[in-house]
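With the hints as extra help, turn the sequences into a complete structure.
2 protein chains.
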Amino acid sequence: MQPSHNLLLELFLMFSAAKLFAAVFERLRQPAVVGEILAGIVLGPSLLALVHPSELTSGLAEIGAIFLLFTIGLETKPADLIRVGRTAALVAVLGVLVPFALGFSYMRVTGHDALNAIFLGAALVATSVGITARVLKDAGALAMRAAQVILAAAVLDDILGMILLAVVASLNQVAVNYVALAVVAAEAAALCWFMVFLAPRLVRHLGRAVTQHGPSNSPRILAVMLCLGLSLASTYIGMAAIVGAFLAGLALADHSQEWGLSGAMNPIYEFLGPFFFVYLGAQVDVRTLAEPGMLSMLFTICVLAIGSKLAGCAIGAAGLGVRDALRVGIGMVPRGEVGLIVASAGLSLHAVSGRVYAAVLLMTVVTTLVAPPFLRLALREK
Amino acid sequence: MQPSHNLLLELFLMFSAAKLFAAVFERLRQPAVVGEILAGIVLGPSLLALVHPSELTSGLAEIGAIFLLFTIGLETKPADLIRVGRTAALVAVLGVLVPFALGFSYMRVTGHDALNAIFLGAALVATSVGITARVLKDAGALAMRAAQVILAAAVLDDILGMILLAVVASLNQVAVNYVALAVVAAEAAALCWFMVFLAPRLVRHLGRAVTQHGPSNSPRILAVMLCLGLSLASTYIGMAAIVGAFLAGLALADHSQEWGLSGAMNPIYEFLGPFFFVYLGAQVDVRTLAEPGMLSMLFTICVLAIGSKLAGCAIGAAGLGVRDALRVGIGMVPRGEVGLIVASAGLSLHAVSGRVYAAVLLMTVVTTLVAPPFLRLALREK
Chain A
211 MQPSHNLLLE LFLMFSAAKL FAAVFERLRQ PAVVGEILAG IVLGPSLLAL
261 VHPSELTSGL AEIGAIFLLF TIGLETKPAD LIRVGRTAAL VAVLGVLVPF
311 ALGFSYMRVT GHDALNAIFL GAALVATSVG ITARVLKDAG ALAMRAAQVI
361 LAAAVLDDIL GMILLAVVAS LNQVAVNYVA LAVVAAEAAA LCWFMVFLAP
411 RLVRHLGRAV TQHGPSNSPR ILAVMLCLGL SLASTYIGMA AIVGAFLAGL
461 ALADHSQEWG LSGAMNPIYE FLGPFFFVYL GAQVDVRTLA EPGMLSMLFT
511 ICVLAIGSKL AGCAIGAAGL GVRDALRVGI GMVPRGEVGL IVASAGLSLH
561 AVSGRVYAAV LLMTVVTTLV APPFLRLALR EK
Chain B
211 MQPSHNLLLE LFLMFSAAKL FAAVFERLRQ PAVVGEILAG IVLGPSLLAL
261 VHPSELTSGL AEIGAIFLLF TIGLETKPAD LIRVGRTAAL VAVLGVLVPF
311 ALGFSYMRVT GHDALNAIFL GAALVATSVG ITARVLKDAG ALAMRAAQVI
361 LAAAVLDDIL GMILLAVVAS LNQVAVNYVA LAVVAAEAAA LCWFMVFLAP
411 RLVRHLGRAV TQHGPSNSPR ILAVMLCLGL SLASTYIGMA AIVGAFLAGL
461 ALADHSQEWG LSGAMNPIYE FLGPFFFVYL GAQVDVRTLA EPGMLSMLFT
511 ICVLAIGSKL AGCAIGAAGL GVRDALRVGI GMVPRGEVGL IVASAGLSLH
561 AVSGRVYAAV LLMTVVTTLV APPFLRLALR EK
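Chains as they are written, first to last, in the working numbering: chain A, 211 to 592; chain B, 211 to 592.
Treat the hints with care, since some could be wrong.
[As the list claims (entries may be wrong)] In the SDA-like style, the derived pairs of lysine to any residue whose C-alpha atoms are separated by at most 25 Å in a straight line are:
1. B:287 with B:392
2. A:347 with B:533
3. B:287 with B:348
4. A:347 with B:448
5. A:347 with A:289
6. A:287 with A:414
7. B:347 with A:423
8. B:287 with B:580
9. A:347 with B:426
10. A:347 with B:427
11. A:287 with A:376
12. B:347 with A:425
13. B:347 with A:470
14. B:347 with B:532
15. B:287 with B:427
16. B:347 with B:533
17. A:347 with B:567
18. B:347 with A:311
19. A:347 with B:428
20. B:347 with A:420
21. B:347 with A:238
22. A:347 with B:476
23. A:347 with A:238
For the record, the hints were derived by calculation from the structure and aren't laboratory data.
Okay, here's the thing in structure tokens:
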């Protein structure tokens, strides 16, 4: 009896369109996730205007992303990540340095000042792991070595991106507070270290007590609490909530089968996940593309973003052989929110023009749509 | 990297407190649902003020209630409901007439005018099936005859409540539009009839095609689409969204096991359900209790509300024997939103005073907290 037509209508349209587009894309042998994002573009404000960014839709999108990375974490053994740790670190560092250097150089060569160049470079840096994780999950490839390198590198990438964001954001202040920055980075590194190395052991001991004395659904309830709690903790440290969710899944991964966690969390993700991808699409304003000169600028920025990340990460993963290095390179291509945050910080400082900001926004969409089909292809040839 | 601390903090607190209170209440051999509502009262604005009604929390609460009734529907065979149809109709009609007559008479006897009396009578009428359904589910009692009578009567109750609400809401207009009212009631009755008698057959035929030609998770996806779609359709007709969700579950119930629907929907409900019950609690302002004269008025209204519903429904179910009649009577006691909508309509017409409105609001809380322990007791003695 509540006046909730609109709320329910939006939910119904988002879910149904996502699943419909995903099914069509599956038939066309294209990644379902691209279909879901396109569903969002079609439903979003710039086309049909049936779905609008709101507190509810953005909230559901965020919860959906959290459960995506949580289920990915549940399927990833910490020991596997530790094994690829050195390669992943190389991938993460080169995957940050090469895009920054290329973006910076391009701007300087084309006659912009250093501040402009720093912002564009920084906006090209941060990988968004959500899209790649979804493609890996759909392809059943989470157990591949390349997938483990991508996931580990993405977590490290988030820490590096956070540091870069803090440096860039402080450019409008007198000086960078290097002490505060070091503390934040240390906290993030400590959390990751704790979750990968110590938490799985704690979970093993506590889990035995819970399963022996509590009701049968206790492990599931505690798992959701850990997932939400670590997502929350990550945002306090300045990392993305989804990194916390991934770390929570990781800590529980060794017992995921035994406690029925995957079986219980997958349906939750299947319901909430589409809201994340549709919401990503609904934020795109396709009308920006029609502005004069936008297409050529977008093309340049996309080539820079894709080429630099692909090259940097593939070089970092060269030790794995050409095929795996290519998989890692493609898997790290999708860009996400952090680039947008950097660009909008630059916008408010007048260090980035409105057109460059729009181009960076569209670049995140392009990388998000372009990477999945190629990643799928790269995963197939065995 | 989004500024979503508050959002995640609220979600974490709502979920964790609900599960904690539920566990404590289970230990005390009390219904978990009462614990979850109390968690909401404690977290809500009038005590700790850590959780606030917002678009996101109310939206999650509504989705939680939808999945609760959907899972209940999935566990209820349409044939069982049809078998108890005649008894359920009697329970629903008497369960509306007796509370209305008693509320109306009480107000007239205590010297109020007819308009006042109509509003209080109407506010005492509508059963909210969410609480009872949860207790029945937790007690594993959904297959009992009394449970089936309660569920069928609750659906009919919602149709009757909708008609009464339309009549009452039109009291501020010149005349009741009886034609429009009849159309709305006929639409609601037709939807229920279609979903109980025809939809299960349609589902059987379509389901065969889907399971043969589609991917393995198609039945689950289509089930969620049907659930959201019928919830939406119900609100258009003027019924509660949860009634549509229940009807959707009912239509799929015969194949719920075969298609793995219960196994997939229960985890979604387990995650989202607590938000519904915590939200119910968070809407309670305990400070109202401290106002002078409030306790005695609340006591009177609660006695009227509980006694009249219990008597009316138990008389309606008398044919089932004393024990089942008592179970049905207690199961129909919890009141929900409809009473509040009636009362707030009366408030805006000055036909209901602010104190009576507050008392009606607290009455819904009292019936919600009092009924579960007694229902649990009544279900036990076999």
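Each hint, compared with the structure:
1. B:287 with B:392: 29 Å, violated
2. A:347 with B:533: Violated, because 53 Å separates the two Cα atoms, which is more than 25 Å.
3. B:287 with B:348: 18 Å, holds
4. A:347 with B:448: 41 Å, violated
5. A:347 with A:289: 19 Å, holds
6. A:287 with A:414: OK: residue 287 of chain A and residue 414 of chain A at ~14 Å, within 25 Å.
7. B:347 with A:423: 23 Å, holds
8. B:287 with B:580: Between residue 287 of chain B and residue 580 of chain B the Cα gap is close to 29 Å, so the pair fails against 25 Å, i.e. violated.
9. A:347 with B:426: OK: residue 347 of chain A and residue 426 of chain B at ~16 Å, within 25 Å.
10. A:347 with B:427: Status holds; Cα separation ~15 Å.
11. A:287 with A:376: It is violated: about 31 Å lies between the C-alpha atoms, which goes past 25 Å.
12. B:347 with A:425: 16 Å, holds
13. B:347 with A:470: Holds - the C-alpha atoms of residue 470 of chain A and residue 347 of chain B are around 21 Å apart, at most 25 Å.
14. B:347 with B:532: Given pair residue 347 of chain B, residue 532 of chain B holds - Cα atoms ~22 Å apart, limit 25 Å.
15. B:287 with B:427: 23 Å, holds
16. B:347 with B:533: 19 Å, holds
17. A:347 with B:567: Violated, at about 53 Å.
18. B:347 with A:311: The given pair, whose Cα atoms are some 60 Å apart, is violated under the 25 Å limit.
19. A:347 with B:428: 18 Å, holds
20. B:347 with A:420: 24 Å, holds
21. B:347 with A:238: Outside the cut-off at roughly 43 Å; violated.
22. A:347 with B:476: 23 Å, holds
23. A:347 with A:238: The hint holds at about 19 Å.
Checked against the numbered hints above, the structure violates hints 1, 2, 4, 8, 11, 17, 18, 21; every other hint is satisfied.
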